[in-house]
Amino acid sequence: MRDAIGVHVRGVSHKFAGANVIDHADVQVKPGGFLAIVGDSGGGKTTLLRLIGGLIAPSSGEIVFMAGGESDSQSDHAPRGQSAVAAAQANAISFCFQEGRLLPWRNVLQNVALPLELNGVSAQERHTAAREMLAKMQLSDSEHKMPAQLSGGMRMRVAMARALVTRPKLLLLDEPFGALDEVTRLALDEELRQLWQQTGTTAILVTHSIQEAVSLAQQVVVMRGKPGRTLPAIVIDVPKDAAHRTSMPFVALCERVYQQMTMQTNEVVEVTR
Amino acid sequence: MKNILRVALPPIFTAIALLVVWEIAVMVFKPAAYLLPSPLMILRAANVDSRQLLQATLSTAISAGLGFIIAAVVGMTCASVLSQSKFLQRGLYPLASLFQMVPLVAIAPLLVIWFGYGLSATVASAAIVAVFPVLANTLDGLRSTDPALRELFHIYNANRFTRWWKLELPSATPNIVTGLRIAAGLAVIGTVVGEFVSGYAGEDAPLGMVVLASMRGARTDLVFAAVALSAAVGFVLFGAVSFLGWLSLRKWHASTLIH
Ligand SMILES: Nc1ncnc2c1ncn2[C@@H]1O[C@H](COP(=O)(O)OP(=O)(O)OP(=O)(O)O)[C@@H](O)[C@H]1O
Ligand SMILES: [Mg+2]
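Chains as they are written, first to last, in our numbering: chain A, 1 to 273; chain B, 1 to 259.
In case anyone wonders, no lab produced these hints; they're calculated from the structure.
Some hints could be false.
Stated by the list, open to error - Under the rule of at most 25 Å between Cα atoms (straight-line distance), these lysine-lysine pairs were calculated in the PhoX-like manner:
{"#": "1", "chain 1": "B", "residue 1": "Lys166", "chain 2": "B", "residue 2": "Lys251"}
{"#": "2", "chain 1": "A", "residue 1": "Lys226", "chain 2": "A", "residue 2": "Lys15"}
{"#": "3", "chain 1": "B", "residue 1": "Lys30", "chain 2": "A", "residue 2": "Lys145"}
{"#": "4", "chain 1": "A", "residue 1": "Lys240", "chain 2": "A", "residue 2": "Lys136"}
{"#": "5", "chain 1": "B", "residue 1": "Lys86", "chain 2": "A", "residue 2": "Lys15"}
{"#": "6", "chain 1": "A", "residue 1": "Lys145", "chain 2": "B", "residue 2": "Lys166"}
{"#": "7", "chain 1": "A", "residue 1": "Lys15", "chain 2": "A", "residue 2": "Lys145"}
{"#": "8", "chain 1": "B", "residue 1": "Lys251", "chain 2": "B", "residue 2": "Lys2"}
{"#": "9", "chain 1": "B", "residue 1": "Lys86", "chain 2": "B", "residue 2": "Lys166"}
I would like the entire structure built from these sequences, with the hints used as guidance.
Here it is, written out as structure tokens:
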């Protein structure tokens, strides 16, 4: 996609009811890039994603969106809140939540069509677009099923189809496959990778799996501690094919991520200072 | 069909057994008829006065039904308005809960003063007792909408009305159905209480009046018949509401899925 948007999170801190949850987070992803965030449970990953998506405003710091590889000059000056809202309003951003979050009273097709429906797209158009997405996710046979009739993997694929149906320029994924078994997870990882390549969207993936992060992303950022801090990004420069998961460079990169994740807290403070 | 029978047969058998025991007990102990008539005596009395009893049942059913509908509409509307404003919720909801504590029997005479003798007073009485469970349950349901889904609607620029109509209301349906089921039973109770105070005698006297008049005439058999019929009105209303609730939830809600 020529107009994917990049994100630059600069020194963002966030407080919930006075308690610091995120402390000076710095994260950058270029338009069309793929960033993975891994880290401690309760370390503020979901919160960071919600900040980027404009669902909440940071207590301090700024989040800047970049279009077409260059920093968007307008949003460079505008306060972050505004640019995030503007980006969201143009339906540029899509979320894929932890556990999918489908509307249980709607069938698969109506769930996938929901984002378009909320934006006033006509029934015929939105169903065509939704069917197209469902075909991509091999869900065409299930369009009339209710969420309760789906397996966990299918439910996540529907959630992904719903997130992609608006053709977002920035896709935010919050542990999308965390609750799935390893085999389904690997299959969905591969589907996600292909969709990311086909659509050219920017993707930010929060995950607990180091392997998943390293095999999908171009950069991995580790978030540690309470309040959560970001460690310097690890650049992933191994080829993205199915066979590479056992290669030496892949294993070495996983090892580096693992080191950052298990580092003592005082060391984390050292590195992030 | 098999499932329905499995659910319906045990209570039916129990009821028949109880009636048989009752009948035998009356045959053995022979209490005065005005103290405890037997089921067959009640049936015979009801048969003799069947025209009047049917008329009374119809009239009670109409005011319970109308009261229920008013309670449903008012309760759901008020809950929807309250759910959109923390301010209104804080100001009005505690008052609504307090209002619910006022005994209906005590305000029923007021209703007669305001609405006069007849249908409007009994409908008002039914609506007043039935409205609160609808309001409380609907509000509960509307407020417990999954926050992540609210965010989803926010991301895609849904306005408040759309969010209410397409998210909050459907996700509150199970609670609404619960509220309506409670309200169905209460509407009949409210109607009969209203009839006690405001009922009108004559051709179309409702069940509450039949109870009062039969009591004065020591016609305990007719009292029993009227009580049974008002229970039947409640049962039918409750059944209808449950069925509609099941229809609207059957495709997705856990309470209706086949296990
Ligand atoms: N709305 C909120 N109000 C108050 N505190 C919150 C809120 N949301 C999150 N928190 C707190 O912020 C911290 C970070 O939460 P967050 O959900 O971002 O963590 P996470 O990294 O996504 O964790 P996990 O990996 O378990 O999903 C937690 O301590 C949590 O209790
Ligand atoms: Mg999380």
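| query | Which earlier hints can't be squared with this structure? | reply | 3, 7
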